[in-house]
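Protein chains in written order, with the working numbering: chain H, 1 to 145; chain R, 146 to 556.
Honestly, I wouldn't trust all of these hints.
As the list claims (entries may be wrong) - Covered stretches of chain R (in silico footprint by chain H; criterion: 3 or more residues with CB under 8 Å from a CB of chain H, positions within the stretch not fixed):
id	segment
1	196-210
2	393-404
3	480-491
4	495-504
5	510-517
By construction, these hints were calculated from the structure, which means they are not laboratory data. All figures in this text were calculated on a predicted structure; none of them were measured in a lab. Every residue gets a Cβ at the ideal spot worked out from N, C-alpha and C, and that includes glycine.
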Amino acid sequence: MNHAGVLETREAFGETTLIVDPAQIVDLCRHLKDSEKYIRLSGITAVDLHPAEPRFEVIYHLHSIERNRRLRLKCLLSGVNPEIDSATAVWRGANWYEREVFDMFGIGFRNHPNLVRILMPIDWEGYPLRKDYPVHGYKYSYPSE
Amino acid sequence: MKHSFEDHTSTIPAVQEIPATPSAPRRMTLNMGPQHPSTHGVLRIVLELEGETIITAAPDIGFLHTGIEKEFEQKNWQQAVTLTDRVDYLANLSNNLVYALAVEKLLQIEIPARAQWTRVMMTEFSRLNSHLVWLGTHALDIGAMTMFFYCFREREDILRIFEMFSGQRMMTSYIRIGGLALEPPRGWQQVVGKFIRAFPSKVDEYEELLNANPIWMQRTQGVGFISLEDMLDLGITGPMLRGAGLNWDIRKSEPYSSYEKFDFKVPVETSNDVWSRYRVRIQEMRESAKIITQALEGMPEGAWQADAPHVVLPDREKMKTQMESLIYHFKIVTEGFRVPAGEVYQCIEAPRGEIGYYVVSDGTSKPYRVHMRTPSFGNLQGLPKMLENTLIADSIAALGSMDFVLGDTDR
Numbered sequence: 001m002n003h004a005g006v007l008e009t010r011e012a013f014g015e016t017t018l019i020v021d022p023a024q025i026v027d028l029c030r031h032l033k034d035s036e037k038y039i040r041l042s043g044i045t046a047v048d049l050h051p052a053e054p055r056f057e058v059i060y061h062l063h064s065i066e067r068n069r070r071l072r073l074k075c076l077l078s079g080v081n082p083e084i085d086s087a088t089a090v091w092r093g094a095n096w097y098e099r100e101v102f103d104m105f106g107i108g109f110r111n112h113p114n115l116v117r118i119l120m121p122i123d124w125e126g127y128p129l130r131k132d133y134p135v136h137g138y139k140y141s142y143p144s145e
Numbered sequence: 146m147k148h149s150f151e152d153h154t155s156t157i158p159a160v161q162e163i164p165a166t167p168s169a170p171r172r173m174t175l176n177m178g179p180q181h182p183s184t185h186g187v188l189r190i191v192l193e194l195e196g197e198t199i200i201t202a203a204p205d206i207g208f209l210h211t212g213i214e215k216e217f218e219q220k221n222w223q224q225a226v227t228l229t230d231r232v233d234y235l236a237n238l239s240n241n242l243v244y245a246l247a248v249e250k251l252l253q254i255e256i257p258a259r260a261q262w263t264r265v266m267m268t269e270f271s272r273l274n275s276h277l278v279w280l281g282t283h284a285l286d287i288g289a290m291t292m293f294f295y296c297f298r299e300r301e302d303i304l305r306i307f308e309m310f311s312g313q314r315m316m317t318s319y320i321r322i323g324g325l326a327l328e329p330p331r332g333w334q335q336v337v338g339k340f341i342r343a344f345p346s347k348v349d350e351y352e353e354l355l356n357a358n359p360i361w362m363q364r365t366q367g368v369g370f371i372s373l374e375d376m377l378d379l380g381i382t383g384p385m386l387r388g389a390g391l392n393w394d395i396r397k398s399e400p401y402s403s404y405e406k407f408d409f410k411v412p413v414e415t416s417n418d419v420w421s422r423y424r425v426r427i428q429e430m431r432e433s434a435k436i437i438t439q440a441l442e443g444m445p446e447g448a449w450q451a452d453a454p455h456v457v458l459p460d461r462e463k464m465k466t467q468m469e470s471l472i473y474h475f476k477i478v479t480e481g482f483r484v485p486a487g488e489v490y491q492c493i494e495a496p497r498g499e500i501g502y503y504v505v506s507d508g509t510s511k512p513y514r515v516h517m518r519t520p521s522f523g524n525l526q527g528l529p530k531m532l533e534n535t536l537i538a539d540s541i542a543a544l545g546s547m548d549f550v551l552g553d554t555d556r
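Please work from the sequences and hints to get the whole structure.
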């Protein structure tokens with residue numbers, strides 16, 4: 001892949017992962033969609049590597065029906081104020097996936113049209129899928145703790 | 146122990162997603178759901194109407210969110226199979242299968258042919274199950290009550306087959322990491338054979354009731370249009386795409402669990418409306434029946450679990466007589482098996498579209514992260530586009546044709 005945003009290419013289990021510079025993610029996505037025929041965005045998710053730094057991985061799964069290929073993009077983000085550009089300008093379908101990542105991990109997406117919680121209640125406190133978030137939530141405390 | 150919220154709350158915007166008041170005079174905001182019977186689950190849609198025309202539709206989801214992805218991180222690898230059942234409760238075995246395939250890819254273990262064929266047969270049964278529930282309830286929404294009873298009659302037989310194999314009607318957890326939960330029961334060939342020989346004539350009955358039915362045709366033909374480009378852009382998969390003329394089925398394009406050994410067609414329709422999605426699903430039921438017949442006739446002999454003692458529980462008799470088996474048994478039961486560190490994305494063709502599990506292991510006996518890319522979540526995202534500028538009466542037919550399950554959407 002000849003694109004300035006690709007920092008590293010990894011192959012494992014027959015799957016290709018590109019480690020991408022977060023600043024160039026939208027540019028790379030547009031390039032992959034227009035020139036490499038990755039017209040489908042299968043999903044966006046994240047992984048919390050707490051307490052490591054950079055703490056978050058944002059994962060994009062791309063799919064090309066025509067070439068029958070799948071590709072994974074991975075961006076590493078710092079745990080302090082994690083933010084990345086939104087891919088909604090490339091695929092409108094990124095909208096809900098990014099809202100889910102925001103809802104569960106508290107990762108911000110710049111230029112997102114409607115970045116609010118999607119699965120949790122709108123006034124929920126905390127980000128449930130972060131590793132430092134207890135399974136039973138913050139709101140309830142048990143005598144043994 | 147008291148936690149501080151300050152750093153968490155600061156970034157939550159106080160914006161309400163759904164407009165409370167209409168954006169222009171003469172318009173009306175109508176709340177549909179979350180307990181509306183035709184939303185098949187707990188879905189709320191806020192419609193902005195001008196007369197009977199829908200201007201905008203805003204789906205509000207999350208009512209059935211149960212934190213399954215968080216729960217995965219607390220269970221060991223094999224225990225987590227039970228969680229996958231509860232995601233899409235109409236296609237449990239598809240979810241079992243995709244999770245097992247993903248973890249087996251990380252473990253790099255070989256699954257014997259008999260287990261693979263049984264998996265194919267069972268997931269096709271779950272496709273039949275899901276399509277039957279869809280057809281029955283969708284027809285009920287549009288006003289054809291008889292269909293519901295016909296479809297649930299056959300569904301009941303399928304649930305009995307599930308019970309025979311796994312001991313459970315719905316939450317089967319039958320497909321486990323390393324093979325199956327139990328050996329297929331004695332006499333299953335007769336039960337499956339009897340069902341599958343009778344099934345095509347049952348599909349004929351459904352078609353007889355609906356194909357030339359003027360009410361059904363008027364309510365479905367030309368309703369629920371959304372262009373193929375929009376669907377691909379918004380992340381819609383499965384029968385919706387095949388109803389719009391795109392021949393893409395993961396069973397064919399990226400075969401898994403020995404699907405390449407089965408002979409079946411991928412039905413494609415081109416009219417891109419509720420009718421074409423109905424036609425696709427009816428034909429898919431016929432193709433699934435063909436696959437099940439082939440599995441029944443060609444079922445290989447042999448083991449139903451992988452030869453991987455560090456993953457699969459040993460035979461009971463061996464455990465009592467052999468030291469090594471006893472040790473493996475103790476290790477698996479007390480701490481669970483370890484999965485080598487790595488990450489995989491595995492996807493399969495579920496009744497509703499692409500289910501993809503992204504599984505990350507850090508080398509311990511619990512998953513580090515499991516993300517479920519569920520078809521209902523992706524499909525539902527296309528709903529506002531599909532309902533734009535249509536009549537409110539058509540919205541029921543249109544959203545029913547998407548065939549979403551809210552448990553699958555909210556996880």
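Inset, instruction - Provide an ascending list of the numbers of those earlier hints which the structure does not satisfy. - result: Those not satisfied: there are none.
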